[in-house]
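Undergrad: Just so we're aligned, residue 1 is where the sequence shown starts under our numbering, counting upward by one.
The hints are simulated quantities; they were obtained by calculation from the structure and are not laboratory data. Check each hint, because a few of them may be wrong.
[Stated by the list, open to error] Pairs of lysine-lysine, BS3-like flavour, derived with a Cα cap of 30 Å:
#1 K74 <-> K108
#2 K125 <-> K108
#3 K125 <-> K74
Bear in mind the structure is a predicted one, so any value in this text is a computation, not a measurement.
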Amino acid sequence: MLPIAEYGYGAGRPYDVPDSETGQTYYGRGFVQLTWRDNYARADHELELFAAASLEWHADNALEPPIAAAVMLKGMTDGWFCGSALADYFNDHDDDPCNARDIINGDKSVVPSWSGGMSIGNLIKGHHEAFLMALEAAWDEDRVLPMAAETVLTLTLRLSAAGP
């Protein structure tokens, strides 16, 4: 899976106009479809991206797999986008993929024309359940090796950077 640019590049949206200072257009990019200049600037600050790596000054950097993965991981963990974080929906007591849509967008109740009558939140819940069932079906405790979270992130970033 690779990060993508927003279909239509924000055409017709308030953020499709190039910024007068940076010349950048801050339409959705990356795994989470980062939009608006202030969000690109926040990612720079939070991830310590400067100069040529800056998202605010080089918005297409949000399409680089390691950067897109870091924006997604930190943004969802720390609640950058809408104020809610992963731990609000997934913890020792909760497993709530439908409402977790609020981490990125507040559109969990929207029913797209292509969805067969299902809301976005329920579509995400279905994907979550199918993925979880596949993981549980493949689980073999005798074959599991302990792995640090940092190792998992490093492997994920390397696989993303390698492309399809």
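Undergrad: Determine for every hint whether it applies to the structure shown.
TA: These are the hints, each one checked on the structure:
1. K74 <-> K108: At roughly 21 Å apart (the allowed maximum being 30 Å), K108 and K74 satisfy the hint.
2. K125 <-> K108: Judged against 30 Å, a Cα distance of about 10 Å means the pair holds.
3. K125 <-> K74: Distance of about 22 Å is within 30 Å: holds.
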